[in-house]
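The opening position of the sequence shown corresponds to residue 114 in my numbering, with each subsequent residue numbered one higher.
One or more of the hints may lead you astray.
To be verified - In the DSS-like style, the derived pairs of lysine-lysine whose C-alpha atoms are separated by at most 27 angstroms in a straight line are:
#1 Lys232 / Lys190
#2 Lys232 / Lys153
#3 Lys169 / Lys151
Unchecked claim - Just the calculated beta-carbon pair ranges, DEER-fashion:
#4 Ile116 / Arg165: 23 to 31 angstroms
#5 Asp203 / Asn178: 40 to 48 angstroms
#6 Glu284 / Met162: 26 to 34 angstroms
#7 Ile166 / Lys194: 41 to 49 angstroms
Simulated from the structure, these hints should not be mistaken for laboratory data.
The beta carbon of each residue, even a glycine, is placed where N, CA and C say it ideally should be.
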Amino acid sequence: MRIAGIYSFKEGKEIIEAKFAAELEEIKAAIAAVDGTKHKTKVSKEKTMPGRILYKPGSMNKAFNREFFKRGWKKYKVPCKYPTKFYTSDYEAPDAARGAFREIDFVKHRVGVEVQFGKYAFMVYNVCAKMTIFHNQDIIDVGIEIVPLKELANEMSTGVSYFEQFVWDLEHRGVADIDIPVLILGITI
114 MRIAGIYSFK EGKEIIEAKF AAELEEIKAA IAAVDGTKHK TKVSKEKTMP GRILYKPGSM
174 NKAFNREFFK RGWKKYKVPC KYPTKFYTSD YEAPDAARGA FREIDFVKHR VGVEVQFGKY
234 AFMVYNVCAK MTIFHNQDII DVGIEIVPLK ELANEMSTGV SYFEQFVWDL EHRGVADIDI
294 PVLILGITI
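Sequences and hints are given; from them, build the entire structure.
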């Protein structure tokens, strides 16, 4: 696969290139090593495109996992302990937090990476919430979000978000004090 879109959120590109250049080169190599053509195997059952052969996100995610793990990147989980003090006094709370966690796809040398081929809400959550949480937990300093360009998303199931839409929303949202520097990479075949 190849990078065809680059967006710097809160100076993510500039900071990553200056302080995490080696990690960025590994990420670029991992992306380039994934042969996207091997993942166009999903037969659509959707009403709008029945029988059409699409790219399969799960298969692509596995390929990215292999490439990142080969390079020493690791998944990272943070256990969640949910507060119960917000329940009403007449509610007996079960142990809602048992086994609950937040996970980031890949971490190495304080760089967090998410690969997202899902719905739009997940892209926003990754950059505007999850990466901030992992930063506040003192695990990452910067983030990189890898997402499909529109031309690739058009060859996937309906509802998959894409780089152009995500960038437009981030541009119009603006940057908040709690945001961390993130480099958004738009990929295609």
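Hint-by-hint comparison with the structure:
Proposed proximity of Lys232 and Lys190 is supported: the alpha carbons are some 22 angstroms apart, at most 27 angstroms. A C-alpha spacing of about 19 angstroms is found between Lys232 and Lys153, which places the hinted pair at or below 27 angstroms, so the restraint holds. Note on Lys169 and Lys151: the hinted pairing holds, with a Cα-Cα distance of about 9 angstroms set against a maximum of 27 angstroms. Taking 23 to 31 angstroms as the suggested C-beta distance range, the pair Ile116 and Arg165 conforms, at roughly 26 angstroms.
As the Cβ distance of Asp203 to Asn178 is approximately 45 angstroms, the hint placing it in 40 to 48 angstroms holds. The beta-carbon spacing between Glu284 and Met162, approximately 30 angstroms, falls within the hinted interval of 26 to 34 angstroms. One distance hint, 41 to 49 angstroms for the beta-carbon pair Ile166 and Lys194, holds here, with the actual separation near 45 angstroms.
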